[in-house]
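Okay, here's what each chain looks like letter by letter:
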Amino acid sequence: MSTNTNQNPKILCVVERAGAGLDDTAWELLGAARALAGEGGSVGAALLGEGVGELANELARGYDDVWVFDDARFASWDGEAYARALAPLAQREQPALILAAHTNLGIDFAPGFSVRAGVPLLPDCLSLESAGDGSAWEAVRTVYGGKVHARMTCTPSEQGAMATLRAGAFAAAEPGAEVTGRVHAEDVGDDVGQGRRPVRTVEPEASEVDITQAAVLVAVGRGIEDEENLEIVQSLAEALGGEVACSRPVVDKGWLPKSRQVGTSGLTVKPKVYLAVGISGSFQHVGGIKGSPFLVAINKDARAPIFGVADVGVVGDLFDVVPALEAKIREAKG
Amino acid sequence: MDIVVCIKRVPDVAEADVEIERSGLRIDDSDLSWGMNEWDTFAVEEALRLEAEHGGTVTALTVGGEDDEEVLRRALAMGADTAIRLADDAFEGSDPLAVATVLAAAIRKRPYDLVLTGAVSGDTGSAQLGGMLAALLGAGQVALATRTAFANGKLEVQHEVEGGLERVVELDLPAVVTVQTGINEPRYVSIRGIRKVASVEIPVEGAGDLGLDVAAVGAAGAREALSELFLPPTGEGAEILEGGPDEVAEKLVERLRERGGI
Ligand SMILES: Cc1cc2nc3c(=O)[nH]c(=O)nc-3n(C[C@H](O)[C@H](O)[C@H](O)COP(=O)(O)OP(=O)(O)OC[C@H]3O[C@@H](n4cnc5c(N)ncnc54)[C@H](O)[C@@H]3O)c2cc1C
Ligand SMILES: Cc1cc2nc3c(=O)[nH]c(=O)nc-3n(C[C@H](O)[C@H](O)[C@H](O)COP(=O)(O)OP(=O)(O)OC[C@H]3O[C@@H](n4cnc5c(N)ncnc54)[C@H](O)[C@@H]3O)c2cc1C
Numbered sequence: 001m002s003t004n005t006n007q008n009p010k011i012l013c014v015v016e017r018a019g020a021g022l023d024d025t026a027w028e029l030l031g032a033a034r035a036l037a038g039e040g041g042s043v044g045a046a047l048l049g050e051g052v053g054e055l056a057n058e059l060a061r062g063y064d065d066v067w068v069f070d071d072a073r074f075a076s077w078d079g080e081a082y083a084r085a086l087a088p089l090a091q092r093e094q095p096a097l098i099l100a101a102h103t104n105l106g107i108d109f110a111p112g113f114s115v116r117a118g119v120p121l122l123p124d125c126l127s128l129e130s131a132g133d134g135s136a137w138e139a140v141r142t143v144y145g146g147k148v149h150a151r152m153t154c155t156p157s158e159q160g161a162m163a164t165l166r167a168g169a170f171a172a173a174e175p176g177a178e179v180t181g182r183v184h185a186e187d188v189g190d191d192v193g194q195g196r197r198p199v200r201t202v203e204p205e206a207s208e209v210d211i212t213q214a215a216v217l218v219a220v221g222r223g224i225e226d227e228e229n230l231e232i233v234q235s236l237a238e239a240l241g242g243e244v245a246c247s248r249p250v251v252d253k254g255w256l257p258k259s260r261q262v263g264t265s266g267l268t269v270k271p272k273v274y275l276a277v278g279i280s281g282s283f284q285h286v287g288g289i290k291g292s293p294f295l296v297a298i299n300k301d302a303r304a305p306i307f308g309v310a311d312v313g314v315v316g317d318l319f320d321v322v323p324a325l326e327a328k329i330r331e332a333k334g
Numbered sequence: 001m002d003i004v005v006c007i008k009r010v011p012d013v014a015e016a017d018v019e020i021e022r023s024g025l026r027i028d029d030s031d032l033s034w035g036m037n038e039w040d041t042f043a044v045e046e047a048l049r050l051e052a053e054h055g056g057t058v059t060a061l062t063v064g065g066e067d068d069e070e071v072l073r074r075a076l077a078m079g080a081d082t083a084i085r086l087a088d089d090a091f092e093g094s095d096p097l098a099v100a101t102v103l104a105a106a107i108r109k110r111p112y113d114l115v116l117t118g119a120v121s122g123d124t125g126s127a128q129l130g131g132m133l134a135a136l137l138g139a140g141q142v143a144l145a146t147r148t149a150f151a152n153g154k155l156e157v158q159h160e161v162e163g164g165l166e167r168v169v170e171l172d173l174p175a176v177v178t179v180q181t182g183i184n185e186p187r188y189v190s191i192r193g194i195r196k197v198a199s200v201e202i203p204v205e206g207a208g209d210l211g212l213d214v215a216a217v218g219a220a221g222a223r224e225a226l227s228e229l230f231l232p233p234t235g236e237g238a239e240i241l242e243g244g245p246d247e248v249a250e251k252l253v254e255r256l257r258e259r260g261g262i
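Protein chains in written order, with the working numbering: chain F, 1 to 334; chain G, 1 to 262.
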C-alpha cells in the first residue's frame, strides 16, 4: 500500500485549461477532492502549459500545492506528453488518489497515464466515495447508453488509484481571495513529446446559421431515420421561428452540417426552448445544453434518458407527434 | 501497413426496455439484438481504407466467447484478411486493463504498424481501452480520431480536443489510434457477404498461446469490479403528456406558450 490510506488522503488533480483560463472542471475536481480529503488530507493540482504562471497562482487560491510544468511542448494539450510528464510526479508525491476530468482531453490522457503510473482507473464517475473502511473507492457511472447505472469498486494498487470525473457532476469549490497554496516548478523530461507532434489546430467551419444565438431550437436525433424525413423537423422549426439543431449521428451521416451539432464535441447552446426529437439524451449531447431552457422531449422509448432531464415529455412516434404539433402551432399563431 | 483492429460485440439497447437480472450484476440481454460496437465499424472501415491505399494486412481481434465470433465474421465480410478470437476461462471477470493486457499479448506476437480501436464501447463504455493498450505496448497513441492519413512513414491524425476544436498531430509508428464515429462511411455488408465467410475457420488463442500469466488477467487480476447495476433514479423527471398526437400537441402548444416558445 502507499503510505496514504483513504483516510485523510493526499489527492492529486490534473487540471485542464480552456482558452486562456482554467476549465470549470479545475474547480469541480477541487470540490470533489476536498470532500474526499477531509480536514487532514491534502489536495494538489498539476498544471501543464506554456506561460501559465498566472493560472498557477489562481489555482493556489484553492489547492494546497500546485505543480507547474511550464514548457512549449505543453502549449496545446497532448495526452501522450502529459502522461509521460506526470508519471514521475505521481511516483515522487505518491498520492492515494489521482483525479482528472472525463473530457475529450481526459480520455486522451488518463488511460495511458494510469498504466504508466501503475494505478487502476475508474472512468467517467458521477459520484466517488471511500469504501470498505477506506481500503477501496466506489464510483457510480452510466452504462448502456445511460439507461443503467453501475456501482464500481476499485481496489488501489501499491501506487494508489485514479478516477476521471464527468464534467458538471461534482459541485465546484470556490477559490479563495488569497494565494494560500505552494507553487512548485517542475522539470520536464527529454522523452516528453516524442512520438507525437502537434501539427495544427482546426477551427470549426464558419456557417450561415448560428445555433448558439437561437432562442428556440428543434433538435433532431437518430430517431429521424432518414435524411428525407428531416423536412418535418425543418417545418416545425419554421413554425416556431426557431432553428434546427441535431445530435452527432445526424452529422456523422452527413445529413446536417457540424455547425448544427449540440454537445461536448459540437456546440454549446443556451436557448429558451429546446425540443429534443428522437434523441436518447446521452451525456455528450445534453452536456451541450446550457442555461436551463424549457426542455421538451419527444421519444417513443419511455425509458430514454432524455426524459430524466426534460421538463415535458411525449412518449410517442415522432412521425405522428411532430406534424401534429406543427399544425397546432400554425393554428395557434393564426 | 499491417493494421490490427480491436472489435467488441455489444447489445443494442437504444430502444429496448433494459431489465436488470436478480443478481444485480447483469442486464437481461436475452431479447436484445447484438452487433459490432458502432465505433468499431468505423475502425474496421478506416483500417480497410488505409490498406487499400497503402497495402499491407488487416487483422481483427476480439476478446470474447463463441457468440462473439459473429463480429469477427462481419469484419471478414467487410474485407479484413484475418480474424482471431482471444478466449480462455482465465479471462472471465476481466476489467478493461485485463482485456487490454490480453489484446497487447496477441498484438505483440505479430508484426504491426498500427492498432485501431473504437473510441468507446456502446455497452460498458469506459473509453479507456485504446490508451491502456498503447501504454502496455509502449506505442504512441491518440484518442478520438476523425481523420487519418499515412505519408512518409508517419501517420497524420486529426482528433477531437477541447471546446469543439480538432487538432492534427503526427504520430510515429507503431501507434494506437481510437476512432470516432463519422470518420468514414462503414461499408454495408449484405447477408450474402456474411455467407461467403460463414465457413472460414476462426482461430482461438488462449492464455497459453499468448504466454499470459493467468494471475494478471481475469477476475484474479482485476482491481475494478462491478458491485451493482441499478436503474437511474428518475428524480423529478419530465411531466409526461398523455393522449393521442393531436391531444398532446395541443397540450404542448399551451406549455410552449407559457414558456415564451410561441
Ligand atoms: C467523445 C464523444 C463525444 C461525443 N460528442 C457528442 C456530441 O457533441 N453530441 C451528440 O449528440 N453526441 C455526441 N456523442 C455521441 C453520443 O454518445 C451518442 O451516441 C449520441 O448523442 C446519440 O445520438 P441520438 O440520441 O440521436 O441517437 P440514439 O442514442 O440512437 O437515440 C435515438 C433515439 O430516438 C428514439 N426514436 C427512434 N425512433 C423514433 C420515433 N419514430 N419516434 C420517436 N423516437 C424515436 C429512440 O427511442 C432513441 O431514444 C459523443 C460520443 C463520444 C464518445
Ligand atoms: C456494468 C459492467 C458489466 C461488465 N460485464 C462484464 C462481463 O460480463 N464480462 C466481462 O468479461 N467483462 C465485463 N465488464 C468489463 C468490460 O466490459 C470489459 O472490460 C471491456 O471489454 C473493456 O471495457 P470497455 O468495453 O468499457 O472499453 P472501451 O474502452 O469503452 O472500449 C473501446 C474499444 O476497445 C475495444 N474493445 C473493448 N472491449 C474489447 C474486447 N473484449 N475485445 C476486443 N476489443 C475490445 C473496442 O475497439 C472498443 O471500441 C463489465 C463492465 C461493466 C462496467
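It is possible that some hints are incorrect.
[Unchecked claim] Subject to a maximum C-alpha distance of 16 Å in a straight line, what follows is the list of computed EDC-like cross-link-like pairs (lysine to aspartate or glutamate): (1) F:K300 - G:E92; (2) F:K290 - F:D24; (3) F:K258 - F:E238; (4) F:K253 - F:E225; (5) G:K154 - G:E170; (6) G:K251 - F:D320; (7) G:K154 - G:D17; (8) F:K272 - G:E258; (9) F:K300 - F:E225; (10) F:K333 - G:E170; (11) F:K333 - G:E185; (12) F:K300 - G:E70; (13) F:K253 - G:E185; (14) G:K251 - F:E331; (15) G:K251 - G:E236; (16) F:K253 - G:E38; (17) F:K333 - G:E254; (18) F:K253 - G:E239; (19) F:K290 - F:D320; (20) F:K300 - G:D17; (21) F:K290 - F:D317; (22) G:K251 - F:D191; (23) F:K258 - F:D311; (24) G:K154 - G:E185; (25) F:K333 - F:D311; (26) F:K300 - F:D317; (27) G:K109 - G:D2; (28) G:K196 - G:D81; (29) F:K333 - F:E227; (30) F:K300 - F:D320; (31) G:K196 - G:D113; (32) G:K251 - F:E225; (33) F:K258 - F:E326; (34) F:K258 - F:E331.
[What the hints assert, rightly or not] Non-contacting residues of chain F with respect to chain G, defined by C-beta distances greater than 10 Å in every case (computed): (35) N8; (36) D78; (37) G79; (38) Q234.
Don't read these hints as lab results, they were simulated from the structure. For each residue, glycine too, the CB sits at the ideal point set by N, CA and C.
Now the hints, each set against the structure:
no. : hint            : result
1   : F:K300 - G:E92  : 36 Å, violated
2   : F:K290 - F:D24  : 14 Å, holds
3   : F:K258 - F:E238 : 20 Å, violated
4   : F:K253 - F:E225 : 11 Å, holds
5   : G:K154 - G:E170 : 7 Å, holds
6   : G:K251 - F:D320 : 15 Å, holds
7   : G:K154 - G:D17  : 46 Å, violated
8   : F:K272 - G:E258 : 12 Å, holds
9   : F:K300 - F:E225 : 13 Å, holds
10  : F:K333 - G:E170 : 55 Å, violated
11  : F:K333 - G:E185 : 42 Å, violated
12  : F:K300 - G:E70  : 29 Å, violated
13  : F:K253 - G:E185 : 8 Å, holds
14  : G:K251 - F:E331 : 13 Å, holds
15  : G:K251 - G:E236 : 20 Å, violated
16  : F:K253 - G:E38  : 13 Å, holds
17  : F:K333 - G:E254 : 12 Å, holds
18  : F:K253 - G:E239 : 32 Å, violated
19  : F:K290 - F:D320 : 29 Å, violated
20  : F:K300 - G:D17  : 11 Å, holds
21  : F:K290 - F:D317 : 27 Å, violated
22  : G:K251 - F:D191 : 63 Å, violated
23  : F:K258 - F:D311 : 27 Å, violated
24  : G:K154 - G:E185 : 24 Å, violated
25  : F:K333 - F:D311 : 23 Å, violated
26  : F:K300 - F:D317 : 5 Å, holds
27  : G:K109 - G:D2   : 13 Å, holds
28  : G:K196 - G:D81  : 13 Å, holds
29  : F:K333 - F:E227 : 28 Å, violated
30  : F:K300 - F:D320 : 11 Å, holds
31  : G:K196 - G:D113 : 29 Å, violated
32  : G:K251 - F:E225 : 26 Å, violated
33  : F:K258 - F:E326 : 25 Å, violated
34  : F:K258 - F:E331 : 33 Å, violated
35  : N8              : 22 Å, holds
36  : D78             : 7 Å, violated
37  : G79             : 6 Å, violated
38  : Q234            : 17 Å, holds
Of the numbered hints listed earlier, those contradicted by the structure are 1, 3, 7, 10, 11, 12, 15, 18, 19, 21, 22, 23, 24, 25, 29, 31, 32, 33, 34, 36 and 37.
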